[in-house]
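Protein chains: 2
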Amino acid sequence: MKTNTLSRKQEIYRIAAKLFKEKGYSAVTMRDLAAAVGIKAASLYNHISSKQQILSETIIDIAEQFTEGIEMITIQDSDTITKLKAVISQHITLTANNPYGMAALNNDWMHLEGKLDYYLALRSKYEKKFEKIVQDGKMSGELKDVNTEILLYSILTTLRNLYLWIPKKADLKKDELIEGLSVTLLQGVVK
Amino acid sequence: MKTNTLSRKQEIYRIAAKLFKEKGYSAVTMRDLAAAVGIKAASLYNHISSKQQILSETIIDIAEQFTEGIEMITIQDSDTITKLKAVISQHITLTANNPYGMAALNNDWMHLEGKLDYYLALRSKYEKKFEKIVQDGKMSGELKDVNTEILLYSILTTLRNLYLWIPKKADLKKDELIEGLSVTLLQGVVK
DNA sequence: CTACAAAACTAACAATTGTTAGTTTATTTT
DNA sequence: AAAATAAACTAACAATTGTTAGTTTTGTAG
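Here the protein sequences line up with chains A and B, keeping their order.
Be aware that the first sequence starts at 1, since it is given in the numbering used here, and climbs by one per residue.
Be aware that the second sequence starts at 1, since it is given in the numbering used here, and climbs by one per residue.
Fair warning: there could be bad hints in the mix.
A pair holds if it fits inside one copy or across any two, identical chains being indistinguishable in the list.
As the list claims (entries may be wrong) - In silico DSS-like pairs for lysine-lysine, Cα to Cα no more than 27 Å straight-line:
#1 Lys132 - Lys173
#2 Lys144 - Lys168
#3 Lys128 - Lys144
#4 Lys144 - Lys191
#5 Lys129 - Lys191
#6 Lys51 - Lys191
#7 Lys132 - Lys40
#8 Lys144 - Lys115
#9 Lys169 - Lys125
#10 Lys191 - Lys138
#11 Lys138 - Lys51
#12 Lys144 - Lys85
Think of the hints as simulated: they come from the structure by calculation, not from any bench.
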């Protein structure tokens, strides 16, 4: 049955991503994964085709969402602060949806085999769009004239590592988180 | 000869840390490491005692420096902004000294075996000292009343991931970097 | 030049890796 | 109930892992 197969496959993916987060792709064996799922290693192959496929689908799926999302944001006609808040919001949403997958994307992308080049292209595209938002904001005077690289690095790093933190803070409402991060990242913390 | 042995050992450590950064501890084999050093895998054992020892010494050495450093900063009698700048400065300095080691500390600490508990204790100590600086700054009114966890997470994440970025920016003078990061992290980017 | 120690080598080990083949058990469809 | 499909199992594979043993080469001190 199709739905059952799918949900079992997705369960394996979910558990795999969790293990990848804890120990990294290379340190997770198919026997580890099988044990966590509750079956034998060979049985995994009734549902998935390879270890690499698990990593690849997990990462590429998320990376595509990010790239599509920022394209939507860049074409919308709004000011820089609104766009930056939308970027922050997207990171929070996607990370909350799949924190373990985000961990794999952050830490294990270099173990992609067939899809490595594609992933790097997606990432590069994303970073360019993000940089354009910042550049426009500086040109229009909405942002301070701080070093662009430092600013990009600082914000992107914080957002990319939200997966480390969001799962522990289920209590923080999403809106509070967006607001708090926006203030901290954009307006600073010094009174 | 002692100096020669030491420098060879340190060379192996340096190369190992670089490989760990690129692929992670688990994905680096002793044969990979040996090839990068220019010898055979078995020959490594004339200089080091195990793969685990390489990871352990690399990480613990850096973690101790961070913990000692922040203790010095917390006992000094200065205002919050000065202390936070000192923390930022320390991160930049230690990261510039050993960016690959910082990568191992960030990404491979969970593969520590004997020294895992000790590492976690050091990290916890560090985070508590950092938090106290921020709490004091909020109490004294030097910092805005933003969510402490968000603030801590945001700044610490940025600083901990400097290793991804500092090696590419050898041109940026250290002072510029400290200043740029301090402005971005503490005062924000919105005009 | 000899002797000794450091550092390289080859060969091999036991364990573990991802994966396949073939078979049996469960579950669903007819 | 029979037939078909899905999903589990056992057993095994070839390759790779960290590490050890034993040997040879290299370099230095007396």
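Verification of the supplied hints:
Within a single copy, Lys132 and Lys173 get their C-alpha atoms only as close as 30 Å, which misses the 27 Å cut-off; across copies the closest is 25 Å, which meets it. Only between protomers do Lys144 and Lys168 lie at most 27 Å apart by alpha-carbon distance; the minimum there is 24 Å, versus 33 Å within a single protomer. In the homo-oligomer, the alpha carbons of Lys128 and Lys144 lie at most 27 Å apart inside one protomer (19 Å), although the nearest pairing across protomers, at 32 Å, exceeds that limit. Within a single copy, Lys144 and Lys191 get their C-alpha atoms as close as 17 Å, and across copies as close as 5 Å, so both meet the 27 Å cut-off.
In the homo-oligomer, the alpha carbons of Lys129 and Lys191 lie at most 27 Å apart only across protomers (21 Å), although the nearest pairing inside one protomer, at 31 Å, exceeds that limit. Within a single copy, Lys51 and Lys191 get their C-alpha atoms no closer than 50 Å, and across copies no closer than 48 Å, so neither meets the 27 Å cut-off. Proximity of Lys132 and Lys40 under a CA criterion of 27 Å is satisfied in neither setting, with 49 Å inside one chain copy and 48 Å between copies. Proximity of Lys144 to Lys115 under the C-alpha cut-off of 27 Å is found in neither arrangement, the shortest distances being 38 Å within a copy and 44 Å between copies.
For the homomeric pair Lys169 and Lys125, the shortest alpha-carbon distance between copies (21 Å) is at most 27 Å, but the shortest distance inside one copy (30 Å) is not. Taking the shortest Cα distances, Lys191 and Lys138 sit within 27 Å of each other both inside one copy (22 Å) and across copies (9 Å). In the homo-oligomer, the alpha carbons of Lys138 and Lys51 never lie at most 27 Å apart, since the shortest distance is 44 Å inside one protomer and 48 Å across protomers. When the C-alpha separation of Lys144 and Lys85 is checked against a cutoff of 27 Å, the pair qualifies both within a copy, at 16 Å, and between copies, at 20 Å.
Violated hints for the displayed structure, listed by number in ascending order: 6, 7, 8, 11.
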